[in-house]
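Using the sequences plus the hints, can you model the full thing?
Same order as they appear, the protein sequences are chains A and B.
Residue numbering for the first sequence follows numbering that gives the first Met the number 0, beginning at 0 and increasing consecutively.
Residue numbering for the second sequence follows numbering that gives the first Met the number 0, beginning at 0 and increasing consecutively.
Don't read these hints as lab results, they were simulated from the structure.
From a predicted model like this one, the values you see are computed outputs, not experimental measurements.
One or more hints might be untrue.
[Stated by the list, open to error] Coverage of chain B stretches by chain A, computed from C-beta distances (three or more under 8 angstroms per stretch; other residues unrestricted):
no. : segment
1   : 58 to 68
2   : 77 to 85
3   : 258 to 265
4   : 373 to 380
We put the CB at the ideal spot given by N, CA and C, even for glycine.
Here is what each chain is made of, one letter per residue.
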Amino acid sequence: MDLSTALWTLASLFIIGLAYFSAFAFIVGLIWKLVTYLRTPMPWPEATTPAPETDAGAIGRVAGDVLFFPNLFKSDKPLWAGAWIFHIALGAILFRHLRYFSYPVPQAVLYMEPVALILGYVFGIAALYLFWRRMALPRSLYISNLPDYFALALLGAIAGTGIMVSYWAHAYLVDVKDFMLGLLTLHPVAPPQHPLFLIHFLLVLTLMLYFPFSKLLHAGGVFLSPSRNQPYQVQKAGKRYVNPWDYPLR
Amino acid sequence: MAKFDETPIVKDPAHNGVLKAPKLREHASAEVRCWPGKAKDTLPIGLPAELVPDWQEKALQKFAELLEKNKALRVYLDICVRCGSCTDKCQFFLGTGDPQNFPVARAELLRKVYRRYFTPAGRAFPGLSDAADLDREMLEKWYIYFYQCSECRRCSVFCPYGIDTAEITMAAREIMASIGISTKYVTEVVAKVYETGNNLGIPKAAWIDNCEFLEEDVEEETGTFFRFPVDEYGADVLLVPPSADNFANVDTMIGYAKLFHFLGVSWTTSTYCNEGGNFGLFLNYFNLKKVNKRIIDAARMLGVKTIIWGECGHAWRGGVLTPTLNGPMDMFDPPYPYHISQYIVDMMNKGAFEDKIDKSANDERVVTYHDPCNPARGGQLIEEPRQIIRACCNHFIEMPADTIREKTYCCGGGGGLLTDEIMPIRMAGGKPRAMAVKHTHANYLATICAICKAQLPEAMRYWDVPVEVNGVINLLTDALMYEKTR
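Written out as structure tokens, the structure reads:
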């Protein structure tokens with residue numbers, strides 16, 4: 000066994016190990032956060048007026064928040080457009096990635112193929128716009144810090160390497176898929192020897208590691224915001240929010 | 000000329016009644032601070048007399064406790080992405096240009112400390128994670144900027160996740176209160192409630208006196224005898240007005256009396272609790288609950304059938320919280336909690352005022368309506384006051400759409416800021432509202448909040464807007480046709 004093979008074997012092991020570690024941190028981190036949130040009581044009514052008065056209405060309000068960002072629309076149209084396009088493109092791209100780790104590949108994913116590259120560009124441009132905005136607008140600049148730039152740069156770099164690996168310096172799809180399915184079925188095989196793909200993959204692992212410990216948690220938190228997900232029912236049938244830690248007054 | 004330092008205030012004009020974000024002026028309001036609480040007020044309301052020796056440790060303990068107890072706080076500390084949507088929404092930023100008055104920058108003061116001590120990333124790499132120690136300097140910033148927030152929640156309306164900076168400000172104030180940092184104004188008011196039953200410190204005898212005086216005065220003026228009952232056992236309704244209604248905003252107090260007289264409903268105020276306002280909201284949970292309990296206790300003592308909250312903004316937030324804070328209200332007639340505006344609208348829908356309203360009585364008034372923060376963002380009370388005004392006024396004009404309803408601006412004095420030593424902040428915070436009122440050319444600014452009624456006249460004078468600030472209920476009762484014989 001020559002030196003380069005040995006090094007590659009070590010690198011493969013490292014990548015596979017990191018993949019499992021990142022996935023573990025991602026899943027456990029998210030579950031830990033979710034459990035913390037769900038365990039913590041919301042001890043009083045908090046709904047922002049005008050609030051829906053039924054549970055279904057509250058679900059509708061949160062669904063609207065998740066899908067359309069109405070509060071951002073009211074507030075700042077260019078930011079809304081940038082952010083909405085960014086997230087929709089991200090969602091579509093994530094969905095398209097099923098192609099790399101599902102078998103058989105869902106029909107819908109294959110239908111997306113003609114627009115996949117466009118989605119990638121749109122996502123990258125939106126990330127660039129959001130990054131530019133942070134530095135160019137004095138108010139945004141004032142509140143932006145290292146983690147804000149880091150998250151955007153990381154996502155932008157993932158998009159860039161992803162586009163390159165798919166449409167320029169192709170990674171061999173069968174190798175990629177073997178590798179991904181191997182990881183998912185817990186029978187890992189060596190990753191494709193394709194530097195650009197490996198960079199793309201390592202950046203994604205970084206994102207997974209970073210996710211539960213950062214502001215990216217907004218992806219889950221948007222469902223848990225009491226001012227949005229509570230229906231206003233205080234006056235209907237005297238709804239009480241029973242406060243589990245409340246103490247009696249002397 | 001103003002009798003205070005005007006440098007924190009941005010004087011840029013508005014366009015069509017709406018203010019654009021001013022240029023950033025760092026530290027513009029960093030020197031404006033409330034006077035600190037005094038031992039004579041803090042000790043009786045269960046707070047330390049001064050900064051406790053091991054304050055840092057105690058503060059972090061309290062912080063940890065709040066994180067365990069309040070989901071909103073936990074979620075809101077984690078999920079902000081600093082998108083900047085809120086940065087031009089706070090009236091205190093629009094009025095001062097101080098970027099620390101961005102809602103997000105204000106919240107970051109607490110978030111930095113949260114990250115430093117309560118998140119793995121912040122504990123391991125404080126430098127990289129935008130975390131900060133809780134030191135003297137940070138505590139000082141907390142004291143200044145969490146007392147330049149009126150807990151009005153306007154930013155929440157524009158946040159993609161509905162992050163409620165009021166929750167964050169309340170948590171910060173609660174932590175500060177627990178280590179002996181509070182303001183003189185808020186603690187003084189809370190202490191007065193326990194002493195006298197109301198925020199103004201009006202003794203029982205003076206309250207009764209004033210009610211009798213109002214009876215005579217109104218009779219002289221109108222020829223009709225309207226009762227202002229006090230402590231009447233067995234009345235149907237206990238009215239909890241803001242105590243200022245009996246002294247400063249007497250038109251509103253007279254409005255209550257005329258309304259109940261017209262409807263033939265027996266009502267009373269209580270000298271144990273003649274205050275709907277609850278400065279506990281601006282201080283800590285313990286006092287919030289304890290002050291609010293007085294309302295239920297007073298209602299029980301007087302054996303009333305129901306409680307009606309008067310024209311007071313944050314009192315209504317307290318009203319909405321009442322079943323949660325002080326137990327089920329099922330000994331009272333539903334609906335509960337019940338606001339006077341909702342009561343009037345319910346009566347209106349039942350036809351109680353049919354053909355009894357003479358709208359021309361208000362013809363000299365060009366009315367516009369200021370939504371107080373708590374009813375319009377925390378109390379589901381947006382339509383009712385408008386319905387009342389439309390029913391009794393011919394000239395009602397709305398302010399620009401971005402300044403009303405749930406997007407309303409704070410008057411600039413809510414959340415425990417209605418104190419003279421921070422006049423620059425109050426006038427700066429009142430600017431967006433003043434500009435919007437000016438745009439309507441109204442001569443009557445109606446609102447349903449006693450703090451607004453105290454703050455707005457000063458803000459209107461400062462920004463040179465000639466307008467009378469008064470209640471909604473008295474618009475109705477001025478237009479009602481009473482039967483003189485009764």
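To see whether the hints hold, each was checked on the structure:
no.: 1; hint: 58 to 68; result: holds (count 3)
no.: 2; hint: 77 to 85; result: holds (count 9)
no.: 3; hint: 258 to 265; result: violated (count 0)
no.: 4; hint: 373 to 380; result: holds (count 7)
Taken one by one, the earlier hints fail for this structure only at number 3.
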